[in-house]
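Letter by letter, the chains look like this.
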Amino acid sequence: MKAVCTLDPAGKPLAELPVGTKATIVQIMPRSRGRKKFADVGIVPGTELLIEAHAPFGGLIRVKVMETSMALHKDDAADIMMQEVKNA
Amino acid sequence: MRNTFRIALAGNPNCGKTCIFNALTGARQHVGNYPGVTVESKSGEFTLDGIKIELIDLPGVYSLSSSSPEENVVFQELTAPGIDLILNVIDSTIPQRSLYLTTQLAELHIPMQLVFNMSDDAERKGLKFDIPKLEKYFGSPIVKTVGNSVNGVRPLLTALKKTLSSLDDHGVPMLTYGSDIDDAINAVAAKIDSLQLSCYRHIPSRFFAIKLLEKDSSVLKIKAFEPVLSEVDEQIRHLWDKHAIEADTFMADRRYAMLAGACRDTISTTMEKRREISDRIDMVMTNKVLGFPLFLVIMYLTFYLTFTVAEPLMGYIEEFFGWLGDMLGSVWNEASLPFLRSMIIDGVISGVGGVIVFLPNILFLFFAIAILEESGYMSRAAFVMDGLMRKFGLQGKSFVPLVLGFGCTVPAIMATRTIESERDRKITIMVLPLMSCGARLPIYALIIPAFFPEKYQAFTMWLIYIIGIAIGLIAAKLMKSTLFKGDGEVYLMELPPYRMPSFKSLMLHMWDRGRMYLHKAGTIILATSIILYICNTYPEKKEFSMDYDAKIEEVKQSKSLTDANIEFLKTTSLFGTEAVAGISKERAIPQEMIDELLASEQKMTILERNLIDKAQSLNKEISALENARMAEQMEYTVSGRVGKFLEPVFKPIGFDWKITTATIGALAAKEVFVAQMGILYSEGETDEESDSLRAQLVRNYSPLQAFCIMLFCLLSIPCLATLAIIKRELNSWESAISVGAGLFVLAYVVTLIVYQAGSILKIGTDMLS
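Chains as they are written, first to last, in numbering that gives the first Met the number 0: chain A, 0 to 87; chain B, 0 to 768.
Check the hints yourself; a few may be wrong.
[Stated by the list, open to error] Where chain A lies over chain B, by a calculated footprint (3+ residues, C-beta under 8 Å):
id, segment
1, 52 to 65
2, 82 to 96
3, 382 to 395
The set of hints was computed from the structure by calculation and includes no laboratory data. Glycine included, C-beta positions come from ideal geometry on N, C-alpha and C.
Using the sequences and the accompanying hints, generate a full structural model.
Next up, the structure:
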């Protein structure tokens, strides 16, 4: 939570991050239709996500959020802006 | 102390809530792993030291808002008066996520008992909980359980007794949203209080204030709150202007922040977190390259189990009903109550028996599906298949119901509730009847071995299934691009960790489905068998176009085997002595014995050959006469009249009146087709085995007609129960009836094209035979 203000607000869309990346959510675009739904499962700015897999026929992205694996669609993931976590 | 209580069971999806529900109530209900397996709110009862408790199993939800139908149900149940206690089940291996719902439940100020389930797994993971401190945070007592073990739920009963005895002094949660938001909440709450609403007196106004500020659609819709909406807007604007807080997500944001704080304070991890086994399995199962082939293998194994492994069991059941019919036939004197006798033996036993034979298929299929569901593979399958399904206008979550559709369309349609997008759900429901269900299997199982050479049998079966799938997918694609254009819902699906399914719950699940099938056999199919039997038998024809009995007698007189023939037969080795004794008594050789003899291709002398030919021509003449009489009688009955009346409609697709009546009966339930054909061709014999029904069919129909029967049954509505469930799920009779009518037209048109094209090309008459 605390890290939010130090992050670059621009970020990179979740849909463009490769598998295996750990990244923190910077912003969920206001145009995203899933804001509330995502918020309820912990996909809110400041949360760290791990990109676990891309589905075989494209479309779905699997992320680990708060120790649970969630699948979401790449169109929706395009509206979630991320900042990669640099491993210290 | 009172002695009846209503308790609501709430929790996230996949938290083991259903396990707890089953353990407490002993209810038969299956435990699944893919999202939303308990979509209905179910209830059960149990007693605890003389206290009667009604337990309501709410659907699994992540939050108490209204972003899905499940959340709506939970919201309605909990805000309605009469809940004495909330039993909130928490997956204690992921406490921070699970407690998110708890923060909202606590705001209802209904007494609450927290159940930290899967505590054994949490321990293995190295999680240590400071229970007294956590209890203070949430203002509710906590008990640890292991939901899937027998003793694991016992502590809950002790805790429950204690909590129920002191419901009035439950604590207040120590969670706040921070002063900026709390000011806004208090301002709105004060306005609500000033309204003096009577309908929600049991819920604090603070709860509704929070929901209003969150712009929760189901609370915004409540008329009573209209006067406070301007205050809500005012506060939302204020929060944005002053604190740059965005209205719709700030509550969630703050709740997670509160939880993060509370969890840091009360939960410690002693062990390094290891990459879980489940994740390692998924590296393979949902792999970009391997995922799809593995999925195909798993589907193949499912069908192998259903069709190949179940086969021998079907044989036993078939033998049992054959024996039952014989036994009844010999015990029950033909003279006493002849009507009831033949109705039970020819109508009920051959009708219902013919359907129960397929019970092993149903049981094995649902056993396989239960394994896939409970292990957690189903949601992986949805993940793997999503991209492909989307190309056809469906989505990953449509996939599970479509697979279930191969078992039975009714539960499959119920399973579409996991699809949040209303549009995708409708399309899935509409194409589901095209997935060849288990009830159509008896038709294929009857027809395919009769008409198609052994090496093409599996292929024909596969072809039928593929035709259904292909037409279904094309229809889905068409509907998506015409009737249901536009954007769908936001897609979000949990992939729960893999779990070893418990044998007990697999059995329960399998038995549940089996019971449903038997129930269907005992009610709808029993009733239709009786009705069809009556329609097939009455009115009885008294005056025939000729005196068949006399004619048959005449044929027997002139063509029966002579003493010389019998003496000659005794000198040959064509039949055993016992058989010959029978032959000499009847003065005829039964056709089955002749068929067997000819099939064995035994070398015969010319004299032997002549004798067999004579016997065969006798049989043919008699059976021709019997069939003619039968046909006259049949045409006179209700079935015959209806069938004859409709024959012109069905003739172009290759159906005679017998198939027509069977097909009409099959609209009620597909199994009826086999039952009806069995009754129509049983000719009053009691030892009818489906083999001879097959022989009858081969004599009467061409392979093309046989294929057209299967095609028509595949594409038309599976049964009336399907129509009823579509009505329930789409909440409109018009939709249900248009699905039914649409499928009928589809079936007719496709079968018409196939039959007409096939007749012109002579497929199945000259070309393949």
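Each hint tested on the structure:
1. Given as covered by chain A, the segment 52 to 65 of chain B passes the check, having 3 residues with a CB less than 8 Å from a CB of that chain where 3 are the minimum.
2. As drawn, the segment 82 to 96 of chain B meets chain A at 4 residues by the rule of a beta-carbon pair under 8 Å; at three or more, the given contact holds.
3. Against chain A, the segment 382 to 395 of chain B contributes 9 residues with a C-beta closer than 8 Å to a partner C-beta. That satisfies the three-residue criterion, and the hint holds.
Consistency note: the structure conflicts with none of the earlier hints.
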